[in-house]
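Okay, so the sequence shown: first residue is 19 according to our numbering, each after it adds one.
Rather than coming from a laboratory, the hints here were simulated on the basis of the structure. Every value quoted in this text rests on a predicted model; they were computed, and no experiment measured them. Wrong hints could be hidden among the right ones.
What the hints assert, rightly or not - Just the calculated beta-carbon pair ranges, DEER-fashion:
#1 E293 <-> F138: 43 to 49 Å
#2 R43 <-> R358: 32 to 38 Å
#3 A65 <-> L285: 25 to 31 Å
#4 S100 <-> G161: 34 to 40 Å
Just so it is clear, CB atoms sit at the ideal spot from N, CA and C, and this is done for glycine as well.
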Amino acid sequence: MHTESIEPWLKDHTFGQDVRRSGERRTLIVIAITAVTMAVEIAAGIAFGSMALLADGLHMGSHAAALGIAAFAYYYTRRHASDPRFNFGTGKVNSLAAFASAVMLGLFALIMAWESVHRFLFPVAIGFNQAIAVAVIGLSVNGACLAILGGHDSAPEHGHGHGHEHEHGHDHDHGVKHEHGVEHENEEGSGHPGPRARGVQGHSDHNLLAAYMHVLADLLTSVLAIVALTVGKYWGMVWLDPAMGIAGAVLIVVWSWGLIRSAARVLLDVQGPSEVRETIRRAIESEGDNRISDLHVWSVGPGIYAAEIAVVSGNPLESDRYFALLPRCLGLVHVTVETRRCPDCAIPAIKCD
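Just need the whole structure built from these sequences, with the hints factored in.
Quick look at the structure:
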């Protein structure tokens with residue numbers, strides 16, 4: 019019977035998700051700015067009869083709701099980070115919220131396209147001067163919000179690293195070793211640039227990226243509204259107003275689809291980045307006769323990964339050595355190493371004469 023305390027090996031699996039990130043604070047600031055601007059643009063779009071301006075206001079409303087989802091996701095992730103019901107922590111709440119936000123963004127784009135087609139068939143009078151003025155205000159607000167959300171997220175003020183491992187096996191030829199650890203770096207993960215530098219496919223904080231994409235979509239509709247209204251005012255091309263609405267809707271659907279795919283990869287446990295997997299393989303196989311027979315790497319949060327590694331070796335290493343071989347910069351926070359002894363694989367000993 020085991021009577022020793024195992025407290026040093028216990029793990030809460032928070033993986034750094036229990037700290038407030040600057041992305042959460044920035045999102046709350048943008049929500050406050052957006053709520054006011056949304057009301058002004060929708061009212062002005064109805065009053066002046068501009069589809070482009072109304073579409074801008076509607077998308078202000080859409081990203082206001084999306085930002086609300088993002089803020090709630092940050093809160094829920096932090097609030098339930100230590101909940102043992104989540105096997106790998108609450109990091110995937112981030113991608114779940116982003117998936118919902120991306121679907122919402124796509125739906126609003128379809129509504130925008132529908133209304134634009136309706137304006138093609140049934141044109142209305144537009145108050146160009148007033149509409150252009152409000153669109154410029156909307157553009158300024160969107161630009162400010164984009165700058166707020168796009169800033170690089172720094173590490174939490176208090177950080178810590180911790181890790182432990184244990185080994186168990188069924189016989190002398192089979193062992194399973196586990197290691198848990200987390201290093202707090204930046205919110206985007208180990209070395210990942212902020213949303214301004216990365217596309218939809220590459221950014222690891224899907225929640226922040228979803229909020230960013232909603233604001234970017236509204237900035238786009240603001241620009242299109244100004245162009246359409248200016249051309250319509252001076253050259254009489256009123257049809258350009260709904261045309262810009264359709265063009266913006268198509269581009270926004272493309273953006274939202276990219277974010278849906280990116281978030282879904284995390285939610286469905288698709289294999290992690292190839293560079294992470296190849297780095298793990300090179301690190302483990304760099305020593306002795308170790309060969310990886312099976313490798314699984316998947317995301318458990320923004321920029322952090324779990325891994326299961328099956329190693330075949332004629333002379334399996336101690337558990338500490340396997341974990342020491344793995345670079346700390348990969349964002350690995352939960353690692354399981356399974357070893358199988360292969361007598362025929364052993365490197366023959368050098369005999370001295």
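Cross-check of the supplied hints:
Evaluation of the 43 to 49 Å hint for E293 and F138 yields a pass: the beta carbon distance comes to about 47 Å. Checked against the hint of 32 to 38 Å, the C-beta distance between R43 and R358 comes to roughly 48 Å, which is inconsistent with it. At about 42 Å, the beta-carbon gap between A65 and L285 misses the expected band of 25 to 31 Å. A beta carbon spacing of about 39 Å between S100 and G161 agrees with the range 34 to 40 Å that was offered as a hint.
Going through the hint list in order, the structure does not satisfy hints 2, 3.
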